[in-house]
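Kindly generate the complete structure, drawing on both the sequences and the hints.
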Amino acid sequence: NAGVTQTPKFQVLKTGQSMTLQCAQDMNHNSMYWYRQDPGMGLRLIYYSASEGTTDKGEVPNGYNVSRLNKREFSLRLESAAPSQTSVYFCASSEYPALTEAFFGQGTRLTVV
Amino acid sequence: ILNVEQSPQSLHVQEGDSTNFTCSFPSSNFYALHWYRWETAKSPEALFVMTLNGDEKKKGRISATLNTKEGYSYLYIKGSQPEDSATYLCAPGGDSNYQLIWGAGTKLIIKP
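Residue numbers (the working numbering), protein chains in the order written: chain D, 1 to 113; chain G, 114 to 225.
Honestly, the hints are just simulated from the structure, not real lab data. The model shown is predicted, which means the values in this text are computed figures rather than measured ones. From the three backbone atoms N, C-alpha and C, an ideal C-beta is built for every residue, glycine too. Careful: at least some of the hints might be erroneous.
[What the hints assert, rightly or not] Just a sample of chain D residues kept apart from chain G, beta carbon distances all over 10 Å, derived:
{"id": "1", "residue": "F10"}
{"id": "2", "residue": "K71"}
{"id": "3", "residue": "P83"}
[What the hints assert, rightly or not] Each computed BS3-like pair below joins lysine-lysine, with the alpha-carbon atoms no more than 27 Å apart:
{"id": "4", "chain 1": "G", "residue 1": "K170", "chain 2": "G", "residue 2": "K220"}
{"id": "5", "chain 1": "G", "residue 1": "K224", "chain 2": "G", "residue 2": "K155"}
{"id": "6", "chain 1": "G", "residue 1": "K155", "chain 2": "D", "residue 2": "K9"}
{"id": "7", "chain 1": "G", "residue 1": "K191", "chain 2": "G", "residue 2": "K172"}
{"id": "8", "chain 1": "G", "residue 1": "K155", "chain 2": "D", "residue 2": "K57"}
{"id": "9", "chain 1": "G", "residue 1": "K191", "chain 2": "G", "residue 2": "K170"}
{"id": "10", "chain 1": "G", "residue 1": "K191", "chain 2": "G", "residue 2": "K155"}
{"id": "11", "chain 1": "G", "residue 1": "K224", "chain 2": "G", "residue 2": "K191"}
{"id": "12", "chain 1": "G", "residue 1": "K171", "chain 2": "G", "residue 2": "K220"}
{"id": "13", "chain 1": "G", "residue 1": "K220", "chain 2": "D", "residue 2": "K9"}
{"id": "14", "chain 1": "G", "residue 1": "K220", "chain 2": "G", "residue 2": "K172"}
{"id": "15", "chain 1": "G", "residue 1": "K155", "chain 2": "D", "residue 2": "K71"}
The structure is reproduced here in structure tokens:
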């Protein structure tokens with residue numbers, strides 16, 4: 001009964017390094033999302049994939065890329081990390097956008113120094 | 114992009130008391146309104162997904178109402194318990210891509 005599995009849980013990067021956050025869901029959901037959460041702000045959508053084979057920019061896509069590898073997996077890549085990308089990142093999935101509940105991974109706390 | 118406001122930002126409630134808080138959003142282009150409960154060190158968990166004006170949903174001691182014409186939703190907690198301490202997020206779905214826009218949350222602290 002895994003739901004949404006997100007790795008890693010914690011990561012420290014130096015400015016300019018790259019990394020990929022992995023996300024997988026086992027609920028056969030069509031839609032997957034990457035959010036970032038910063039203090040005092042709501043979750044902000046970075047990228048989403050409404051269905052397998054499609055990806056679209058969200059509210060704050062700059063500095064990130066995504067890959068919907070298959071229906072289960074949706075990865076987020078930081079090509080050249082910046083201190084402004086220090087945040088907590090959440091992957092989520094839902095059967096359909098907006099009309100069905102979203103299920104969240106446990107989050108990745110990323111610090112860029 | 115929708116402007117979602119949740120009030121109050123934080124709330125201290127005595128155990129056993131009932132409480133409520135508000136989510137306000139523009140009423141145009143409305144598809145759905147989500148409520149989530151987010152405990153510290155965990156991830157958000159869905160409470161309700163509401164779509165129709167006048168919707169009322171209930172789960173145990175927690176209930177929610179929706180007014181899409183005036184653009185607000187209320188979340189009610191009856192007889193607060195310490196385990197209700199969490200941040201409550203609302204998220205209307207109403208942008209052109211059917212994506213949720215999240216409020217900053219109401220942080221609820223239950224005092225024993």
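Verification of the hints:
no. : hint              : verdict
1   : F10               : holds (12 Å)
2   : K71               : holds (19 Å)
3   : P83               : holds (22 Å)
4   : K170(G) / K220(G) : holds (21 Å)
5   : K224(G) / K155(G) : holds (21 Å)
6   : K155(G) / K9(D)   : holds (12 Å)
7   : K191(G) / K172(G) : holds (11 Å)
8   : K155(G) / K57(D)  : holds (26 Å)
9   : K191(G) / K170(G) : holds (14 Å)
10  : K191(G) / K155(G) : holds (23 Å)
11  : K224(G) / K191(G) : holds (15 Å)
12  : K171(G) / K220(G) : holds (20 Å)
13  : K220(G) / K9(D)   : holds (24 Å)
14  : K220(G) / K172(G) : holds (19 Å)
15  : K155(G) / K71(D)  : holds (25 Å)
Comparing the model with each numbered hint stated earlier shows that all of them hold.
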